[in-house]
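Peer 1: Chain by chain, the residues run as shown.
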Amino acid sequence: MKTIHVLLVDDEEDLVVTLAERLELRGFHSEWVTTCEAALEMLKHKRFDVAVLDIKLPRMSGLALKRKMEALAPDMKFIFMTGHGSEKDFEEGTAEAGVPNYLLKPIDIKLLVNRIVEMVS
Amino acid sequence: MSFLQRFKPEFWDYHDVASGPYKHLFDFRRIWYLSVLLTAGVALIPVFLLAAIDYQVTQKAIESENVLRTSRLVSNTRRTLSFLLLERRYALQFLVGDNSLEVLNRPGRLAEILKNLQDSFGGFTDLEVVDARGRQITYSGPYDLTNFDYSRQKWFAEVVDRGSHTSDVFLGYRQSPHIVIAVKHQPPSGPFYVLRATLEADRFHRELLPLAPGRGGDLFIVNAAGILQTPSRRYGNTLEKVPLPVPEYATTTRVLETDNADGERLLIGYAYIAESPFILMAVKNKEDLMRPWYKARRQLITYLVISISAILIVVLAVSTYLVSKIHTADQTRVAALHQVEYANKMASIGRLAAGVAHEINNPLAIVNEKAGLIKDLLQQENIVATRSKLMAQADSILASVKRCATIIRRLLSFARRTDAAFEPIEIRDIIENVIGFLVKEAEHRGISTIIDIAPDIPPLRSDRGKLEQIFLNLVNNAFAALSDGGHLTFEGRKISEDRVRIAVIDDGCGIPPEDIKQVFEPFFSTRTSQGGTGLGLSITYGLVQEIGGTIGVESRPGVGTRFTLTLPLNPDIRKNENNSRVAG
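The listed protein sequences derive, respectively, from chains A and B.
When the letters of the first sequence are read in order and numbered with the numbering used here, they come out as residues 1 to 121.
When the letters of the second sequence are read in order and numbered with the numbering used here, they come out as residues 1 to 584.
Quick caveat, the hints were computed from the structure, so don't treat them as lab data.
It is possible that some hints are incorrect.
To be verified - Below, a sample of chain B positions facing chain A; criterion: calculated Cβ distance under 8 Å:
(1) His358
(2) Leu364
(3) Ile366
(4) Glu369
(5) Lys370
(6) Leu373
(7) Asp376
(8) Ser396
(9) Glu443
(10) His444
(11) Gly446
What the hints assert, rightly or not - These stretches of chain A come out as covered by chain B in the derived footprint (C-beta under 8 Å, 3 or more residues):
(12) 16-24
(13) 50-60
(14) 101-113
Said to hold, decoys possible - When the alpha-carbon atoms are kept at most 16 Å apart in a straight line, the in silico EDC-like pairs for lysine to aspartate or glutamate are as follows:
(15) A:Lys44 with A:Glu31
(16) B:Lys440 with A:Asp11
(17) B:Lys440 with A:Glu13
We put the beta carbon where it would ideally sit given N, CA and C, even for glycine.
Could you put together the complete structure from these sequences and hints?
Peer 2: This is the structure we're talking about:
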């Protein structure tokens, strides 16, 4: 089976580093960035199957970033995660990504893996 | 507990700690003093004035009444005495004119006349006829007196000179008080002759007796030398020297006041009886005369004392009651204020809660991943993880836990600090603490915060909890006004030896000019739809006053808003643990 490429975007470096390593251990190819700019920059050079975005990112929301990334990689899938869990965020998140693709922090790794696999297949 | 303390109202030792610069409005002891002073003054001054006027008027009236009465008594008595003397003199004058010397010398005629006089007037002792040379010609009376030569006596000279003579009272041969009345008659031809009569002085006394004033008063006659001519009750018997000054000559009745040897105040009425050496004197003890006045005065003073006591009791009771009521109302107000302040604080925390939850959730997510990774590594069949790798994960977990703990501790310390305690505070600490709650929000919204506190600002003595709440309210407002990418500046400057000025400046949407006057008023809010209570800035205003500072605001719509706090370095706020009411 083809290796799935995952891009992780969150301003908490510790989080994305660990998450990336755990996905690697589960057979994914994963890369991480901590800013929106770096994420967009990354897309110019590499192709990813799935992007996992934090809703609250410095200077730009995850949803805004999604739109910009879609422009660069139209067939890329998105999963959102948030630690905020406010009603407003949840509504926006579900409207944009659909309920299944909206995850609350802390992330259950099995749930994340299942989502990624479901989306790509 | 002493007697006084039991009655001491609750407000007596109360010191308001929450009134800031308007402390004088809450000095209940002062309000009480003022109330008592004003009400008692308004009530008592007219009472005193009326009593004083009444006192004066009544005293004067009674005094002049006494003078008038004495004067009337003396006048009436003088008239009686004058008449008595004149009557006798005119009788003698009639006799001497009606009977020629020849007739008078006729044996038995003088005795006949004397008998007639005694029968009609009474009091005549003897009669004698004296010729122009002063020689007694005829005598009729109880004594065997003949051929007396009066030519060198003063009375004779006076009769010759003035036509009549009335003598002082004397004892003479007769060893009983007598007076002499002598009249001269000048017949159309031949030498003049004199009719001389001796009268009992007792007659005057009997005339005076029924007129004498009662109760220690005295009515008597003295001569110009001050010798009593009639007996007196208190000043000696006839022919004794009266122990009172002889009043100066006056044609009318006069009344004077003087002190006697015993120091008693006397009211003396006197009159000179015309064509006689007599002075009529009425002596009254002023003390006795004023006795009715003393009684009236005692009643007046008793009435006054009772009135004043009643007024004072009512004034004290009413003032104490009213001030107690105000105090209770104020206590309720302060308690309500603290409740509202506390509620505002909790609301601020509530507004922060979402952010704080996020703050805590992030490290938790890291912990989750790190722990998950450790588990992943341990589950690998061929463990590739080194000891140091696992150690790094554990360290990262500990660091994340520490992050959570810091956030929680900050939140708890902020929520719990409710007691008023003044301590030295670095203003920068407070601001950083408050900003700490919002640092993530600032980061996400791209809001930059600048803390520009001049290094010469010393730690200020203030209430940390209140300061935190003040800044949290201001920062919350600023964050609501700021758009993404805005700036929030804290500027601290020392403006005098004992005051600092701290400005919270944002470049947000600003406040419209029509609203700016109302921003510190309670229940004024433009964000009611977003859950604003309209109490935030009014509470901030109250809090700033409580720590002895002032707050002002300047704003331009679209440019930004500047809240300026002026805070004392050492607030002179009397701290009283008993009265610092803490809500919650």
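Peer 1: Identify every previously stated hint that the structure contradicts and give their numbers, smallest first.
Peer 2: The structure conflicts with no hint, since it agrees with every one listed earlier.
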